[in-house]
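> Take a look at the letters that make up each chain.
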Amino acid sequence: MSGTGTAAAAAILMLGLVTGLILAQPSLERASQELRSAREEYSDLTLSTLNSGPKIKSAVFNNTSAVLNITITNDGAEVTDLDGMDILLNGTLMTWTPAERYLFPDRDAVVSFSNITDPRSVMIVDRFGLMDHTEDILIIT
Amino acid sequence: MAGSAVSELIFFIAAIMISSAVAVTLIDVIDNYSESLGDEAALLRGEMGADMRMINDPMYVPYSNGTLTIYLKNTGTSDLSTEDLVVSANRTVGSGSGITVSLMDNSSVWSPGKTVSVSFSVPNLTEGVDYHGWASTSGLTSGGARRGTARDEFIFRVWEV
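So the sequence lines, in the order shown, correspond to chains A and B. Counting in the numbering used here, the first sequence runs from 1 upward without gaps. Counting in the numbering used here, the second sequence runs from 1 upward without gaps.
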């Protein structure tokens with residue numbers, strides 16, 4: 001066998017490999033990119049959930065005016081979107097509009113509900129489904 | 001001399017065949033790998049996309065004249081289907097026309113962060129007794145196709161309102 005034949009065979013083998021790689025590379029790149037982006041989104045979501053910390057600081061009911069004031073504090077490190085927060089009073093979902101949409105870390109927001117009778121339980125639920133609950137409602141007359 | 005030419009030709013043809021086989025195998029392997037990466041990404045997106053929680057106060061689930069009201073919050077990253085919603089309490093299952101679904105902000109889509117109220121008939125529940133409930137629905141892609149399933153369950157007590 002001559003050296004030319006061996007070289008030609010080796011070149012053809014290499015050509016086969018290179019062609020295979022060139023043809024397959026775009027789909028591999030696309031799939032890897034998609035997975036990377038999905039993992040980043042998952043990581044961001046997990047981190048946001050871990051860093052969220054809305055808590056009920058106090059619930060005060062004025063028996064005379066029938067007004068319930070709920071103070072919500074952000075105990076976490078991320079900004080809480082109050083637009084995605086639900087408040088349940090005695091188990092019933094309340095309709096409310098926040099005065100300011102975002103609650104920054106270590107800041108409080110006061111939410112008032114009027115015409116309330118016999119408040120027993122207050123629960124808040126944030127955008128990620130994290131909850132806080134109290135039955136410790138201070139009643140003033 | 002003629003023998004050498006024939007053997008070189010055979011060697012050449014063999015090289016082309018091996019080369020083709022290697023290229024095809026390589027493309028196939030990488031293609032399969034790409035497909036599995038794509039599947040994993042889709043699965044991950046499905047998990048993140050379709051997620052919900054039953055957000056009722058477990059001690060005070062509204063119950064009026066045999067009708068139970070549960071609140072479901074979309075805690076995922078994609079819209080959820082209200083049509084595919086199935087709810088259950090104390091082994092009574094409700095779906096389709098057997099449940100009343102209301103989006104709390106009067107929007108038409110159950111988008112991320114939004115809550116729906118679901119009312120359905122569950123007879124003979126009494127205060128002070130522990131019950132089990134669950135809810136399930138499909139996630140939706142931006143094109144409206146089904147992707148992933150969201151499910152949640154909880155133990156609760158009713159509160160007559």
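No lab work stands behind these hints, which were simulated from the structure alone. Computed from a prediction, not measured in an experiment: that's the story for all the values here. Note that beta-carbon positions come from the ideal geometry of N, C-alpha and C, so glycine has one too. Worth double-checking, as some hints may not be accurate.
[Stated by the list, open to error] Cβ-Cβ distance ranges computed for the label pairs, FRET-style:
1) A:Q33 - B:S142: 35 to 45 Å
2) A:Y42 - B:R146: 50 to 60 Å
3) B:G98 - A:Q33: 24 to 34 Å
4) A:M94 - B:A145: 27 to 37 Å
5) A:L47 - B:A42: 19 to 29 Å
6) A:L15 - B:S4: 42 to 52 Å
7) B:A21 - A:S48: 42 to 52 Å
[What the hints assert, rightly or not] Far from chain B, by Cβ distances over 12 Å, these chain A residues were calculated:
8) A9
9) A11
10) D86
11) E100
12) P105
13) V111
> Taking 50 to 60 Å as the hint, is the beta-carbon distance of Y42 of chain A and R146 of chain B inside that range?
violated (20 Å)
> Is the nearest CB of chain B more than 12 Å from the CB of P105 of chain A?
Non-interface label stands for P105 of chain A: nearest chain B Cβ at 19 Å, farther than 12 Å.
> Are A21 of chain B and S48 of chain A spaced within 42 to 52 Å by their CB atoms?
holds (50 Å)
> Verify the CB-CB distance for M94 of chain A and A145 of chain B against the hinted window 27 to 37 Å.
holds (35 Å)
> Take a quick look at A11 of chain A and tell me if its Cβ sits farther than 12 Å from every Cβ on chain B, holds or violated.
Answer for A11 of chain A: violated, closest chain B Cβ roughly 9 Å.
> Please confirm whether A9 of chain A is truly not at the interface, meaning its C-beta sits more than 12 Å away from all C-beta atoms of chain B.
violated (4 Å)
> Taking the Cβ atom of G98 of chain B and the Cβ atom of Q33 of chain A, is their distance within the range 24 to 34 Å?
Roughly 44 Å apart at Cβ, these two residues miss the hinted range, so it is violated.
> Is the hinted range of 19 to 29 Å satisfied by the C-beta distance from L47 of chain A to A42 of chain B?
holds (22 Å)
> Given a hinted range of 42 to 52 Å, is it respected by the beta-carbon distance of L15 of chain A and S4 of chain B?
The hinted range 42 to 52 Å is violated for L15 of chain A and S4 of chain B, with Cβ atoms some 24 Å apart.
> For the hint 35 to 45 Å, verify it against the beta carbon of Q33 of chain A and that of S142 of chain B.
Roughly 19 Å apart at Cβ, these two residues miss the hinted range, so it is violated.
> Classify the label on E100 of chain A as holds or violated, using whether its beta-carbon is more than 12 Å from each beta-carbon of chain B.
holds (17 Å)
> Are all C-beta atoms of chain B more than 12 Å from that of D86 of chain A?
violated (5 Å)
In this structure, the hints that do not hold are numbers 1, 2, 3, 6, 8, 9 and 10, in rising order.
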